[in-house]
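**Q** Just so you know, the sequences run in chain order A and B.
Residues in the first sequence are numbered from 1 upward in steps of one, following my numbering.
Residues in the second sequence are numbered from 1 upward in steps of one, following my numbering.
None of these hints come from the bench; they were simulated from the model.
A hint or two may mislead.
To be verified - Result set (EDC-like, lysine to aspartate or glutamate): computed pairs, CA atoms no more than 20 angstroms apart in a straight line:
| hint | chain 1 | residue 1 | chain 2 | residue 2 |
| --- | --- | --- | --- | --- |
| 1 | B | Lys-160 | B | Glu-126 |
| 2 | B | Lys-160 | A | Glu-168 |
| 3 | B | Lys-160 | A | Asp-183 |
Said to hold, decoys possible - Listed next, with one range per pair, are the computed distances between beta-carbon atoms:
| hint | chain 1 | residue 1 | chain 2 | residue 2 | range |
| --- | --- | --- | --- | --- | --- |
| 4 | B | Thr-116 | A | Leu-65 | 46 to 54 angstroms |
| 5 | A | Thr-85 | B | Arg-38 | 39 to 47 angstroms |
| 6 | A | Trp-130 | B | Ser-67 | 37 to 45 angstroms |
| 7 | A | Thr-160 | B | Glu-314 | 52 to 60 angstroms |
| 8 | B | Asn-31 | A | Thr-160 | 30 to 38 angstroms |
| 9 | B | Asp-73 | A | Leu-259 | 49 to 57 angstroms |
| 10 | A | Gln-164 | B | Thr-116 | 28 to 36 angstroms |
| 11 | B | Ala-350 | A | Asp-270 | 49 to 57 angstroms |
| 12 | B | Gly-24 | A | Thr-85 | 20 to 28 angstroms |
| 13 | B | Arg-219 | A | Thr-160 | 26 to 34 angstroms |
From the three backbone atoms N, C-alpha and C, an ideal C-beta is built for every residue, glycine too.
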Amino acid sequence: MQKRSVFILSVLCFGFAFLYVPILIMMAYSFNASRLATVWGGFSTEWYGKLLQNDQVIDAALLSLRIAVVSATFATILGTLAGLTLARLGRFKGRTLFSGMISAPLIMPDVITGLSLLMLFVSLETLIGWPSGRGANTVTLAHITFSMAYVAIIVQSRLTSMDQSVEEAAMDLGSTPLRVLWDITLPIIAPAMISGWLLAFTLSLDDLVIASFTSGPGGTTLPMLIFSKVKLGVTPDINALATIIVCIVTLGVVLAGILMMRSERQRQLDEQRAQAEAAAPQPGIA
Amino acid sequence: MAENSDTKTDPVFIRIENVTKKFGSFTAVDNVSLDIGRGELFALLGGSGCGKTTLLRMLAGFEAPTSGRIMIDGQDMTGVAPFDRPVNMMFQSYALFPHMSVEKNVGYGLKHENMTDAQRKDRVRELLDMVQLTQFAARKPHQLSGGQRQRVALARALAKSPKVLLLDEPLGALDKKLREQTQFELMNIQDRLGITFIVVTHDQEEAMTLADRIAIMDRGVIRQVGTPTDIYEFPNSRFTADFIGSINLFDGTVAAIKAGKARITAPAAGCALEADTRYGLSTGDKVSVAVRPEKITISRGKPRSTAVNAVQGEVLDLGYFGKDSLYRVKLASGALVRVSKVNDQRLSEADRQVDWEDKVWLSWDARSAIVLPEERP
Numbered sequence: 001m002q003k004r005s006v007f008i009l010s011v012l013c014f015g016f017a018f019l020y021v022p023i024l025i026m027m028a029y030s031f032n033a034s035r036l037a038t039v040w041g042g043f044s045t046e047w048y049g050k051l052l053q054n055d056q057v058i059d060a061a062l063l064s065l066r067i068a069v070v071s072a073t074f075a076t077i078l079g080t081l082a083g084l085t086l087a088r089l090g091r092f093k094g095r096t097l098f099s100g101m102i103s104a105p106l107i108m109p110d111v112i113t114g115l116s117l118l119m120l121f122v123s124l125e126t127l128i129g130w131p132s133g134r135g136a137n138t139v140t141l142a143h144i145t146f147s148m149a150y151v152a153i154i155v156q157s158r159l160t161s162m163d164q165s166v167e168e169a170a171m172d173l174g175s176t177p178l179r180v181l182w183d184i185t186l187p188i189i190a191p192a193m194i195s196g197w198l199l200a201f202t203l204s205l206d207d208l209v210i211a212s213f214t215s216g217p218g219g220t221t222l223p224m225l226i227f228s229k230v231k232l233g234v235t236p237d238i239n240a241l242a243t244i245i246v247c248i249v250t251l252g253v254v255l256a257g258i259l260m261m262r263s264e265r266q267r268q269l270d271e272q273r274a275q276a277e278a279a280a281p282q283p284g285i286a
Numbered sequence: 001m002a003e004n005s006d007t008k009t010d011p012v013f014i015r016i017e018n019v020t021k022k023f024g025s026f027t028a029v030d031n032v033s034l035d036i037g038r039g040e041l042f043a044l045l046g047g048s049g050c051g052k053t054t055l056l057r058m059l060a061g062f063e064a065p066t067s068g069r070i071m072i073d074g075q076d077m078t079g080v081a082p083f084d085r086p087v088n089m090m091f092q093s094y095a096l097f098p099h100m101s102v103e104k105n106v107g108y109g110l111k112h113e114n115m116t117d118a119q120r121k122d123r124v125r126e127l128l129d130m131v132q133l134t135q136f137a138a139r140k141p142h143q144l145s146g147g148q149r150q151r152v153a154l155a156r157a158l159a160k161s162p163k164v165l166l167l168d169e170p171l172g173a174l175d176k177k178l179r180e181q182t183q184f185e186l187m188n189i190q191d192r193l194g195i196t197f198i199v200v201t202h203d204q205e206e207a208m209t210l211a212d213r214i215a216i217m218d219r220g221v222i223r224q225v226g227t228p229t230d231i232y233e234f235p236n237s238r239f240t241a242d243f244i245g246s247i248n249l250f251d252g253t254v255a256a257i258k259a260g261k262a263r264i265t266a267p268a269a270g271c272a273l274e275a276d277t278r279y280g281l282s283t284g285d286k287v288s289v290a291v292r293p294e295k296i297t298i299s300r301g302k303p304r305s306t307a308v309n310a311v312q313g314e315v316l317d318l319g320y321f322g323k324d325s326l327y328r329v330k331l332a333s334g335a336l337v338r339v340s341k342v343n344d345q346r347l348s349e350a351d352r353q354v355d356w357e358d359k360v361w362l363s364w365d366a367r368s369a370i371v372l373p374e375e376r377p
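With the rest of the complex left out, here is chain A (with noise of 0.2 angstroms):
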């Protein structure tokens, strides 16, 4: 029983050194006085001073933020879409080959995902002149293509699983299929949707290869920008910027645990009043 005890606890805590030794050496040296990366010189935060001075970091993470919110809304509206084809329109022909196809960008290689958008922007623009030119635009096309897949995954399993009869009793209750949708159907599957959009601004903020294909002048994004400054050599001001990143991450994470939790709790705590009110006797039902 000790024995067991002993190697369990090593092996947690080798699972967390292994993620979090990482992260936290290279938040370390984000307060490194020196230069080089690698020695330690000295306490210092002048690295995120001159982070906050640098106008090309600043305005890559704006771009990377906003096309991550401009990809996310649309993903959301169309994965919506699609989950709720997949869920509700029954078998219609060719099903399967559309449920599919919509996981395919899933499993499909981003290199090739980039690749294949590459080529359609820039056969696009020889045929119809649109794109002219590649960059930000093209950058959010093509994370609204690729994120969309996960949105509708997750909003067709939230489908699934709902009682179908609660938008059987609006129907009954004399609303249009459109209105069951609106009043019904998109207020429950709400969640499913934040989540997605969620998962698809994480994908895009995170994504360098899909970018990099579809990117052009001006359409410098943050993973972009990371990426080009470390092929020359770790900089401190990455490894601050890095640490930045990772506390907004964390606060977020925490945040919606809290929530989470919270409401639940909420949720248990008045099922069991609701129980325990029924249980007692109450006068004038009869």
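Since chain A is already given, all that's left is putting chain B on it; use the hints.
**A** What follows is chain B alone, placed relative to chain A:
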């Protein structure tokens, strides 16, 4: 329809005409015809997969009949969408809108009605009063108990004052005590509003107490339609006799028929049986004699007449249920007969009149037994 021209005197309010529903090669509902009157509380009773829910869903408009048609209040419902039918449904899962308060749930159907906001509010209040949920108006469905959810579902389905209310296993999710209470509430509400109720259930007790009339369904076919008394006392087949309550069946052949009574030779019983018959039987027909357990008298002494409807056996099993006891008696032929007896006297175990392994006589009145024709496959 010619006979439907005078709707005022016509008791037919819902007419199901030769309705068949197929799912692929599976026939869920097989050529069902059924008339239901205005203001009736009608129950569709049957085991799972018998087609009762499919029939209900066709009435609501969620499924279209493969052939045949449904008329409600003289209107052909073919091609009429669920949201255009004068019918509302209470779902088995209640299907409450999880993101809306009780008030919003109940008022949802009124959104598209031609009403002012004040009228709508009044109507919701009135409905919540009816189901005694006024104090819970602001709650969300997950903050309610099962019984309360059931009442929200009922109020919501009644909000639009439908001509017909369809109820899919309305009491299925409630515990036993609550079920009884809710059952009477349902009946009271139906009585007060005069709306036609069609209840789907697999629970025969529920159907018997709730309904004015019951249709028993089996494998997509209606086996018998009638009042609870009709169905219990005058089953038309072995299937319904066996389905509702428990029953003892003796197979035999008709030996003679006299004055509405048939005399049957049944080898398993070991004596001649006499029973009422409602069917045009003739001598030599193969039949079953059916006797309900509670209609049999069990005694250690010889009954007054042993010529007919009196058999001898040995008590094999005895079940004591408090208000009544159930005996399983083995006849000489090996046949088992179930007898139930109301414990109308307070007796200790030692004073028990009939006990295990006692030799007993079983007897019953000719009017308590019924002859059933042999099952047509």
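**Q** Please verify whether Lys-160(B) and Glu-168(A) have alpha carbons no more than 20 angstroms apart.
**A** holds, 16 angstroms
**Q** Do the Cβ positions of Asp-73(B) and Leu-259(A) conform to the proposed distance bound of 49 to 57 angstroms?
**A** Since the Cβ atoms of Asp-73(B) and Leu-259(A) sit about 51 angstroms apart, the hinted range of 49 to 57 angstroms holds.
**Q** Take the C-beta atom of Thr-85(A) and the C-beta atom of Arg-38(B), compute their distance, and say whether it sits inside 39 to 47 angstroms.
**A** This hint holds: roughly 42 angstroms between Cβ atoms.
**Q** Would you say the C-beta atoms of Arg-219(B) and Thr-160(A) sit inside 26 to 34 angstroms of each other?
**A** Holds, since Arg-219(B) and Thr-160(A) (Cβ atoms, about 30 angstroms apart) stay within the stated range.
**Q** Starting from the hint 49 to 57 angstroms, judge whether the C-beta atoms of Ala-350(B) and Asp-270(A) obey it.
**A** At roughly 55 angstroms between Cβ atoms, Asp-270(A) and Ala-350(B) fall inside 49 to 57 angstroms, so the hint holds.
**Q** Has the hinted range 37 to 45 angstroms been met by the Cβ atoms of Trp-130(A) and Ser-67(B)?
**A** violated, 54 angstroms
**Q** Has the hinted range 52 to 60 angstroms been met by the Cβ atoms of Thr-160(A) and Glu-314(B)?
**A** Given range 52 to 60 angstroms: holds, Cβ gap about 58 angstroms.
**Q** Mind checking the alpha carbons of Lys-160(B) and Asp-183(A) for me, to see if they're no more than 20 angstroms apart?
**A** holds, 18 angstroms
**Q** Assess, step by step, whether the Cα of Lys-160(B) is no farther than 20 angstroms from the Cα of Glu-126(B), and give holds or violated.
**A** Status holds; Cα separation ~12 angstroms.
**Q** Can you tell me whether the CB distance of Asn-31(B) to Thr-160(A) sits inside 30 to 38 angstroms?
**A** Holds - the Cβ-Cβ distance for Asn-31(B) and Thr-160(A), about 34 angstroms, lies within 30 to 38 angstroms.
**Q** Starting from the hint 20 to 28 angstroms, judge whether the C-beta atoms of Gly-24(B) and Thr-85(A) obey it.
**A** holds, 23 angstroms
**Q** Hint says 28 to 36 angstroms; check whether the CB-CB distance for Gln-164(A) and Thr-116(B) agrees.
**A** holds, 33 angstroms
Of the hints listed earlier, the one the structure fails to meet is number 6.
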